[in-house]
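There are 2 protein chains.
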Amino acid sequence: MNYELPELGQNPSSTAAGTSPGSFAKKPRLAPGAEGRWTFSSPDTPGMPQPSEKTAWDFLPEGWSTEELSVQSRESRARQVSSTLNPQRSTFAQSNGIERTVTYPAGFEPSTQLENARLGIVTPEMTRVAEREGHLSPEQVRDEVAAGRMVIPANKVHLSYQLDPMAIGRASKTKINANMGASPISSGTDEEVEKLKWAERWGADTVMDLSTGGNIDECRGAIIRNSNVPIGTVPIYSMIIGRKLYDLDADAILSSLRHQAGQGVDYFTIHAGVLREHLPYVKERLIGIVSRGGSLLAKWMIDHNEQNPMYTLWEDICDIMREYDVTFSIGDGLRPGGLADATDRAQLSELSTLGELTERAWRKGVQVMIEGPGHVPFDQIEYNMKLQRTLCHGAPFYVLGPLVTDMFPGYDHITSCIGATAAGYHGASMLCYVTPKEHLGLPKKDDVKQGCVAYKIAAHAADVALGIPGSRDQDDELTKARAALNWQKHFDLSFDPDLARAYHDEDLDVDTDFCAMCGHDWCSVRISKEIVEFASGKDQDYQWKLAKKTAALTPEQQAILEKRGVLSPEEIHKLASKTKKAVGAEAGKANCHSDYVDTEAAQALQKDVTLVELHTR
Amino acid sequence: MNYELPELGQNPSSTAAGTSPGSFAKKPRLAPGAEGRWTFSSPDTPGMPQPSEKTAWDFLPEGWSTEELSVQSRESRARQVSSTLNPQRSTFAQSNGIERTVTYPAGFEPSTQLENARLGIVTPEMTRVAEREGHLSPEQVRDEVAAGRMVIPANKVHLSYQLDPMAIGRASKTKINANMGASPISSGTDEEVEKLKWAERWGADTVMDLSTGGNIDECRGAIIRNSNVPIGTVPIYSMIIGRKLYDLDADAILSSLRHQAGQGVDYFTIHAGVLREHLPYVKERLIGIVSRGGSLLAKWMIDHNEQNPMYTLWEDICDIMREYDVTFSIGDGLRPGGLADATDRAQLSELSTLGELTERAWRKGVQVMIEGPGHVPFDQIEYNMKLQRTLCHGAPFYVLGPLVTDMFPGYDHITSCIGATAAGYHGASMLCYVTPKEHLGLPKKDDVKQGCVAYKIAAHAADVALGIPGSRDQDDELTKARAALNWQKHFDLSFDPDLARAYHDEDLDVDTDFCAMCGHDWCSVRISKEIVEFASGKDQDYQWKLAKKTAALTPEQQAILEKRGVLSPEEIHKLASKTKKAVGAEAGKANCHSDYVDTEAAQALQKDVTLVELHTR
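Residue numbers (the UniProt record's numbering), protein chains in the order written: chain V, 1 to 617; chain L, 1 to 617.
To be clear, the hints were calculated from the coordinates, so they are not data collected in a lab.
Misleading hints may appear alongside valid ones.
Same chains, same names: a pair is fine if it fits in one copy or spans any two.
Claimed, not checked - Using 27 Å as the maximum straight-line C-alpha spacing, the simulated BS3-like pairs for lysine-lysine come out as follows:
1. K386 - K445
2. K449 - K563
3. K449 - K299
4. K449 - K156
5. K299 - K244
6. K445 - K563
7. K563 - K197
8. K299 - K386
9. K244 - K445
Note that the structure is predicted; figures quoted are calculated from it, not measured.
Isolated chain V (complex conformation) (with noise of 0.2 Å):
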């Protein structure tokens, strides 16, 4: 061996002490923060540069001003936490130990959640976000607001129903959406509420309703008043309905959005970053414009001659926006199509329109995400990330995918959670799901499911590699649970017990304590057990010599089995017939089963010859 090891630590991104071997991508800026709490601040991801030097903070309303006073100790701090609130002035600690003070117009009312944070106000919402981002402060929380870096999309009327609050940023954890909604060619509002309840089922942080048929907005409202998550939606849909699309103008537009954020929703999809310069640059692409919103006003352009309407109208979109605390996503109209043009004159000259639309509705006070690529290869999603994160100064940006691959239509849901891993991890705070449909039909409800796993599968990826204090406890418990060949445990702690007992049942109806991958006789993990013996995830109720005997199939599980085709019917019936009388050796012991190895044979062969002799060497 001529080669020296670099610095090396054990588990580098364990929550475990350990040194960090220094040539790894640095990790997220953690800190003890006051209360023993965790902090994680943003910009946060490794290898990223700053975003923009400038914050929300920059872009505050005429009138407004604001200085940060002095660098205080944190025992100081923690005695001035309260807020001084007069009519012209607001002077508070913030969650970084620094003092800040804000002077603004005598009279002024905060409405959304990013005035009140610039007033130094923890509102409800901020702190039930705090609540369940188990690394957060409420004064954190706040703070990120404050700053542009996130938002909490929560309109007033929403909040009246049963609204739970959730925030978006790059530090809380990464997020997921889900679209559903009617089309003209498959509509009807119950199922599209239990489509609704599924996607919230299975890990749905936002869902948008993206309806083009049936009663539209019946089905919005219905979707509202039923949903405990924020709920988007794509407002010019709605607005040619029974109009024209040349017809479109000023009143149709801003009562539309009026009408819409007085049913509540939470965030409107708003496509104002096309402008009629940037239709040029369409014609060197391979498929054009695929967004419905962008299309629609691409033509509208043309057919008029004119500027983007929600472009030239966007102070008096503002304004209504305010007034119910919507939050924008201002979408990318112009994202591609194919790989072919990802990354092109037309997508990035709208995401600098973007960042300019950004500082604009930063100053009417209202919440801003940006909407990101919808196809585009490995190498350069960092870097789309980062243009994003600059231009925009950090605004939380909430992509859709990105497929790093387009052909593979019928596992679009596979090849986009990729680039939404990647994305994630290099900056995205909301991640917008793809189907097993997309590109060739609406999505049903097991559409939904799997469009789900795969971006609940992205998030937690990403959550994990950025470090987020906690992210990996239940990778970890289900290690353990592996380790001690537990399989009760293990379904318990898997994001979807029912398919995993499906599966493992499939191959074996004796009972849950083997794997039919090995067998007993070639289980590494039995006998590595031989070799260390594993005091972890043992507690009372999960012994490792305590096998733990199976139930019979329930009827989920049986539907999964039933859906791969693997096995016949009546073999699956003999399975879900199974009881825990049918399981056998009640009294005795399993045969095969490395639960009964004998733990004290195990010990007495390690203290002969063993470990801790090859370690003394």
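Got chain V sorted already, so can you dock chain L onto it with the hints?
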């Protein structure tokens, strides 16, 4: 706008000409070769440092020496490609234009691809590889093999059957491997041969037979005789069938290896890197040793209190490998079994030994690839790849997954193909698939398909990201077909046409020229067409204005829909019984179909108000 965009190009990774933005991650070094081909030099992944400055040329057998003579112009090189071979010396022009002289003992006869490459010989297998890798010349293949950065796993015995030679290395396209094999729980030679053909059907580039049950020897023989792809095994499995692990000795090891080499196995996974000195580190882990071969050898070492016999017998093993030209796949017996154990002392210490074993194998003239980790947080993948390439001097890295989260059993084909994409992009040459049954049971035929598809996605996405010439062509063709709303061509270009067709037809039984996602009025592509007329994707058979009628669903497509369980059997039957006649509108026009939009009118509209006008401002 107060921000200057970085220099923008169009389609930076497009094959079309265009200004490349300077701020992108640098692309692989591509330069036009002598005959107009693109050369693609390894090591070649964007953003990666050179791996070790050494190559296989630095680890020649005793009695050998080599020298690079001079830089020659490409023109003169073309006339000197033939090598002059004599008993002591071979001189030949490398594909980089530098002449090399190799001196070696009299009477030496090359046996392996590596030895042939060292003498400057282009074997028939290298020529075949160059045919299959459109961007590489036979001489480039030879030079990559000589440098140790590429292997051609082709046992001489297997070549006498139906093996179609292929290469694994970072200069060639990314490959995928499918594992199969009977376990004591589930077995059967016919079943395994059927899985082999199924894996080949879905794009597996190599197949590993990991049988631990059934008639292992017969099964292996059948798989080798029936396969077009290289076959790998983990020989220790059959070494301990009918023998106690404790009784494993040098004779048993070497005779078992000789037997399998004689059968025609193309590569052997041998866990020689797990040393006695590494075992104490296993105690720091959550899940110890998860490699079956690794755990068996660890137990052997503890039982005997001796060093790993594969390590001590390495040169004897090399002699057998060389005779048949079996390629090493040096196993990672201490690969992590959970995120918590990733990149730890056990794994990295073993990796360092793998580097030593690589050098020793090269000195014996044997081809080498290295196996890599199974569970790695997304942020640590680049580091892992970099370290392997450094320690093992660029020997091809063959990675399992890695999984980027542990808590999604049942979906580990997805969790791992995310990691595999990043691994391929950062330097891995072959990706070992993971199926949905991973951690739960033995994969069935459909699991083999799901694993293969997920890994074809990963390998393809990595190739596109690396910029391997031609790799994006099919994506672009499919994007063009999408832009033309040409569904039949869309399906034909899909990786899984039956699935794409079935998903599409699930929603619409009128014709295939229409998508249920948006419907006619909302089709961005149709609207986009009114903005720019796309000339692409329109050959005689795929005219924009010619509707393609769909045939009835095939039995395969019916089965896909039945498994989805979204439509009732009656509905599927209705789709399946569709005939050309039933499609209707053969003489007239199908309603709601964008192909029937009047192009003349759209063009006129463009001429009046159009882009061209906008462009000139």
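| field | Same-copy or cross-copy closeness of K386 to K445 [CA-CA at most 27 Å] | value | This pair counts as neither: shortest intra-copy Cα distance 35 Å, inter-copy 42 Å.
| query | Is it within, between, both, or neither for K445 and K563, if the alpha carbons may be no more than 27 Å apart? | reply | The answer is both: 14 Å in one copy and 14 Å across copies each meet 27 Å.
| message | My question is about K299 and K244: at a cut-off of 27 Å on alpha-carbon distance, are they close within one copy, between copies, both, or neither? | response | within (12 Å within a copy, 76 Å between copies)
| message | Cα distance capped at 27 Å. Does K563 pair with K197 within a copy, between copies, both, or neither? | response | Result: close both inside a copy and across copies, 22 Å intra and 23 Å inter.
| query | How would you classify K449 and K299 at a CA-CA limit of 27 Å: within, between, both, or neither? | reply | Neither, since 35 Å and 43 Å both go past 27 Å.
| task | Go through the copies and call it for K449 and K563: within, between, both or neither, with a Cα cutoff of 27 Å. | result | both (14 Å within a copy, 15 Å between copies)
| field | Alpha-carbon proximity context of K299 and K386, limit 27 Å | value | Neither way: K299 and K386 sit 31 Å apart in one copy and 49 Å across, limit 27 Å.
| task | Could you figure out if K244 and K445 sit no more than 27 Å apart (CA to CA) within one copy, between two copies, both or neither? | result | Classified as neither: same-chain Cα gap 32 Å, cross-chain 52 Å, threshold 27 Å.
| query | Between copies, within a copy, both or neither: which fits K449 and K156 at Cα up to 27 Å? | reply | This pair counts as neither: shortest intra-copy Cα distance 29 Å, inter-copy 49 Å.
Violated hints, listed in ascending order, are 1, 3, 4, 8 and 9; each of the other numbered hints is respected by the structure.
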